[in-house]
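With chain G fixed as given, assemble chain R onto it according to the hints.
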Amino acid sequence: AQKITQTQPGMFVQEKEAVTLDCTYDTSDPSYGLFWYKQPSSGEMIFLIYQGSYDQQNATEGRYSLNFQKARKSANLVISASQLGDSAMYFCAMREGPPNDKIIFGKGTRLHILP
Amino acid sequence: DSGVTQTPKHLITATGQRVTLRCSPRSGDLSVYWYQQSLDQGLQFLIQYYNGEERAKGNILERFSAQQFPDLHSELNLSSLELGDSALYFCASSVGTSGVESTGELFFGEGSRLTVL
Chain G
594 AQKITQTQPG MFVQEKEAVT LDCTYDTSDP SYGLFWYKQP SSGEMIFLIY QGSYDQQNAT
654 EGRYSLNFQK ARKSANLVIS ASQLGDSAMY FCAMREGPPN DKIIFGKGTR LHILP
Chain R
48 DSGVTQTPKH LITATGQRVT LRCSPRSGDL SVYWYQQSLD QGLQFLIQYY NGEERAKGNI
108 LERFSAQQFP DLHSELNLSS LELGDSALYF CASSVGTSGV ESTGELFFGE GSRLTVL
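Chains as they are written, first to last, in the working numbering: chain G, 594 to 708; chain R, 48 to 164.
These are calculated hints, taken from the structure and not from any lab test.
Only a predicted model underlies this, so the values are computations on that prediction, with no experimental measurement involved.
Misleading hints may appear alongside valid ones.
Derived BS3-like pairs (lysine-lysine); straight-line CA-CA distance at most 30 Å [to be verified]:
| id | chain 1 | residue 1 | chain 2 | residue 2 |
| --- | --- | --- | --- | --- |
| 1 | R | LYS104 | G | LYS695 |
| 2 | R | LYS56 | G | LYS695 |
| 3 | R | LYS104 | G | LYS666 |
| 4 | G | LYS663 | G | LYS700 |
| 5 | G | LYS596 | G | LYS663 |
| 6 | G | LYS666 | G | LYS596 |
| 7 | R | LYS56 | G | LYS700 |
| 8 | G | LYS596 | R | LYS104 |
| 9 | G | LYS700 | G | LYS666 |
| 10 | G | LYS700 | R | LYS104 |
| 11 | G | LYS663 | R | LYS104 |
| 12 | G | LYS666 | G | LYS609 |
Isolated chain G (complex conformation) (with noise of 0.2 Å):
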């Protein structure tokens, strides 16, 4: 069964540190895609990075990337020189392949930066 595990329920890291946020998958798809999503206090899901199952390489997005580890059936995010505006909760997603479009979400990690 599709499923997404967050083994951390908060952080505090540095300002201006690098942070690795966990997140570790099951499925039994072949075709599958992880997703990011950070919400701010306001509330509001802001898409990060997404990674498919047959990319090759990781991605990739400004400050953001993901440590795709597919033996492992790991997806972490990492942020680099971490920013106060980061302190938000994060969550990992997955989405199976078609025609299966569910997409799950982790319990998420809340994220606080210290100045």
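Showing chain R alone in chain G's frame:
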């Protein structure tokens, strides 16, 4: 602005009542998803529609129902409301079936915050 519109933004009602939450997806998106987020919790998948048809169902209570109309907007109906139904309800849309052309990324509305007293 994600292009997804949810109404109402806030709703306060009493136990036992019924409410309808409305969602207009991004122009061109065929797929609509509904999620429930209780206080400090993750997003619980409720249901997904694709081009008017139910595609996938999650942990949606029998008291809840949804539909997607021919113009692709969707409504989530919550009935016999209980205190525990108080939550932020998100609607999200995507292009549709995932494929090479699209990641199937979800675009979220701002949510409808339901408070049941």
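Q. Broken hints, numbered, in rising order?
A. none
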